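**Q** Quick one: dock chain against chain with the hints and give me the complex.
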Amino acid sequence: MNLVENFDLYAPRLINKKELFSAGHRACSGCAEVLAVRLMCKALGENTVIASATGCMEIVSSMFPTTAWEVPWIHVAFENAAAVASGVEAGLKALRRKGKVDDRYVKVVGMAGDGGTMDIGIQALSGAMERGHDMIYVCFDNEAYMNTGIQRSSGTPMGASTTTAPAGKVSMGQKTWKKNMPEIMVAHNVPYVATACPSYPLDFIRKIEKAKSVKGPSYIHCFSVCPTGWRCPSHLAISMGRLAVETGVFPLFEVENGHYRLSPDMPKKLRPIRDYFKAQGRFRHLTDEEISMIQERVNTEHKKITEKAKYLKTGNE
Amino acid sequence: MGKRVGLEVTVAVAEAVALCRIDMAGGYPITPQSHIAEHLSNLVADGVLDAEFVTVESEHSAMSAVIGASATGARSYTATASQGLLLMNELLPIASAMRLPICMAIANRAVSGPLNILNDHSDIMPQRDTGWITLFAENGQEAVDLSIQAFKIAEHKDVMLPVCVNIDGFQLTHMVEPVEMPTQEEVDKFLPPFAPHATLHPAKPVTMGAFAMSDYFAEIMKAKDEAIKNSKKVILEVWDEWGKMFGRNYKAVESYRAQDAEILMLTMGSMGETAQVAIDELRDKGIKAGLVKLRLWRPFPFEEIRAALKNAKKLIVTDRACSFGGPGGPVFSEIKSALYAGDHHPAIYNFIYGLGGRDVPVQDFTGMFEKVIADTDNKAKDTYEFWGVRE
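Chains A and B, in that order, give the protein sequences.
Here our numbering is used: the first residue of the first sequence is 1, the next is one more, and so on.
Here our numbering is used: the first residue of the second sequence is 1001, the next is one more, and so on.
It is possible that part of the hints are untrue.
[As the list claims (entries may be wrong)] Subject to a maximum C-alpha distance of 27 Å in a straight line, what follows is the list of computed DSSO-like cross-link-like pairs (lysine-lysine):
no., chain 1, residue 1, chain 2, residue 2
1, B, 1222, B, 1157
2, B, 1314, B, 1288
3, B, 1157, A, 98
4, A, 98, B, 1204
5, A, 212, B, 1204
6, B, 1314, B, 1222
Rather than coming from a laboratory, the hints here were simulated on the basis of the structure.
Bear in mind the structure is a predicted one, so any value in this text is a computation, not a measurement.
In isolation and in its complexed conformation, chain B is listed as follows (with noise of 0.2 Å):
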């Protein structure tokens, strides 16, 4: 059993990707993601993690030089955040498709303009159709926990994705929360090293990026999102294995307080922590409120997801980006297209906030929940609202 410690999230985050005995890591400094770049150049520079540290000259070659690394069966990992992220944004499609387990950390953060280096969650939404199994941590242990639990995801012989742990800029990633990390041998026992099936190596050349036109290339689109669609089976298998090795489970959708309840709300990332407050507030004061938290954003887990709103009669998504000029957050609109086609539809009502690293206190959501229950009539169900803004 590993030791109880207090970390900032991004250390302890370092500490567990080099408990995964990385062999190659691209790093560029990017606030909020940094302190994990820095955490693990000190480790190769300490001689505790045996592995290739490139200082690249930006996201864009930080993506390249991991993809090039993966390629050689190395196991390679970057993080990032905002701007940097848009920057591999070209990137990422092509690691996918070629089938690379690259793990990468994202500390979120608001993209420009206005430059802004706070939290929320336009940096990740924008690459949500790149092919990437994208997981959502609530809190320092689950950074940590997601981010051992990735490489075993990606690398599996029926995955062979790469993987993207968000976690929440500032407002997780500099935390110093007690974390349990997971022994060497821990970690050993649950993740075996990287066989990969083909790499680049002379001892057998093989071509990797081949170039592809309208004979083959809708058929390698859809080996990528059958790849991806299947993953979910591998991820809820690494889950269990984990539960079951350290006594933390996971579920691509968790439920808090929601069995009875008649509203719920839905949250991704460190908010949920805060909504929970809420719930109890609510509660007290007699009013059947509960929170459902979406941690598997890709593949999305319709099924689950169905079934944990499946009592409520008005639904609360909250989002903390928005496609603009769009159907309001983006998580708005999957929620929406995943109940459509079932039976039960709640009123659901959008609310975007906390962007650019703006406070969500507890009242803010006991609010949302009062705005909601006002709306007797449902006149402002299907609407999205940006929360607390000024006009």
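Next comes chain A alone, as it looks inside the complex (with noise of 0.2 Å):
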């Protein structure tokens, strides 16, 4: 039974009821990177802080003097939001062992887009993550400088028009390849890496629940669609995600301490990269040999990540 088609009937029961990221904030409408961060923080719950980078996510939370955040919540800048959050898990750390804090374990969450995860801000994670710290950190891939007028991110997939990548008489777009941040985090060795799209709340809930469990450092890259910078109906932001899903353009997966494993959400068969790209006018220019090029590279990325989890399954230690 597929518990997305079913939502009603089983998400309530399963889902924190209570409200810590609250209505009235900012964003577009059909923002489904609003939506997962709502959900990110009904899976985490009340003993959370979250260090927030700049960002769309931040402006739309956090005009002075009003909030949406109902947990614990610091913006500093741009590019330093998983040192921010080290700093946090490293100050209460130290004051939950000398006794002036309460006693209760509380779980520190760093968050950005992808402009400040995948660019400015790797350095910053590469360090927080190498070193240890006891933090969630969530990337909410958009695939552009959003907030700034969706510019090209190292996030930006190929052959997306973008305002500082556009298509043109002798260009096609973005002429790279997504920077597949996931397999970084797996190469810190850090305990859990998990990729997420809240079109699968159910999915993403778990993995955040799952990230809060584990001690030491987690990464979560959730695919969020964004109607205004993909050009996009903004009802159909819950089908784009899904859609990128089942033509294998975003997999859905878990890597838990170097082991693979595909989230049941993951279709048997891909279907075509067109009935993704065609619903979007960032790819509307594309023609058919450059769809035919990307939907190659798809499905090699698919063969990879599905060797991956039959290989490097738990048990094949």
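**A** Written as structure tokens, this is what we have:
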């Protein structure tokens, strides 16, 4: 049975009813990222401190003197969410040990967009993960610098048209392959790495809960559909996330202590990427040859992750 | 009463910071600061200091982590120099706007290029407007004392601002000096535990570092300016308390043989001690020379400066950095602006010297005096000169 299709029946029993990211924020209509943040907060619960990078989620949630955050939250700058989170973790650890704060376990979470994680923030993130802080880092990847106006990042997929890598008479738009950030995190040997998407809310919540239970650093890469930047109808945000998974463009998997597992939501047979591309303005200019070239890459990458899940699964020590 | 010991200044500073019972330190290696981070990590490794020592991957992350820790209410510390301080630059105004009482040592070192690891003030000068309380140490004892006082000033409820203590790289940081180290009991008595009014903890959720546009931004900037201006009162009170407890008195502006001086020199940092020797030599020759030493750079002590300079006919301002294409040295321009509003306007000369660790012996200071005395019709006043530069 597909739980997502029976969302009304099952989800309310499984999801924390308390809203820790409140309504009234300023996100665009159809923003899947803000939905992911809300679900993340539900999964994390109250005993959480969040350190956020500059970006969409920061500006829509914290316009002084208002705030959407019901959990302790700090924003410092763009590239340092992981470093700030590591300091929060260190501070709370020392204070708890010395009896200066309540003796309760608090999970520290760093969060940023794809630019704040994969480009400008990758050094701080790498450092924090390598140092082994007890923290979760969540990358909300909407595949470009949406907050500043849809400029390309290293998370922008091949062929997408953005405002700094636009499609033109002699350009297909983005000319580079999306940086494989989850694998970079796997290479840090952190105990838990997962990819997720709010179009699969139960899978996403379960992964956040798992990351929360890990003592040490964990990384979640959350695919976050941005109707504004992708130029797709806002009511299609959830479907677009599902299409990304169903076409293999964004595979859902988790890596626990080096062991790979594909999420049960992953399709047995991939849909053609054309189904995913055709509904988005950012891909509309692509020729059949260009789409075929990207399709080939998606097939190869999907094969790689399937092989990893096959040969690097738990038990294959 | 603490023991008088011979210690390398960086080690003495780390010992002093440990006496402050910090909860967290962020450390990243950079010459000539590294011994502070090394010694603090030793103290943590030996269980002498109960703190989290976070070995970050850059100074940017050092300041970021210290901001995060300070926001939880942890007493947090870091130290840096030169390029490291410039890398932190982005975060310095954020730390002060968030009103976090972070303390930091700066082992002052020239900024590249060309690469140079030795002392001048070109690292701290670009940080002038970041909203940090900025103190300059002249010797090892001052470096120790100011490092402890820094926490008391920063954490005072009427201040709540970060403080940096500037310690000249190598020329001061790497000297072995006799230092009277306060005891743990004395420091505990002087410095109570930090009692923050808002922290990052689920017991009372708060939002820190919110986004503010034109409707609030200017008010927040004004609040920061008022906070740092008001901090002077607290700084003077803390120094008064320190003087009563330890017998070592601190002032925003110190004077040496300046009372009847016709020509005054102004220094900041470790050069003051050498300049003092030059003053003695000049006095022996019957020249009415005196010295004024600036310890408090931010908040700038306007009244004290005007009072200290009120009898001078000529004033030599020395600078260890240059505002290229601007008014000369940054101290020079500050002093000129302090005197402009007053009634007394001595002829001011500016010498930019000791750049990139260039040695400044006593005769350089006496030479500056001789040059200024020789300018009988004040032709060279209001100008700046790179002292001792080959052309």
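**Q** Failing hints, ascending?
**A** As far as the earlier hints go, only 6 is violated by this structure.
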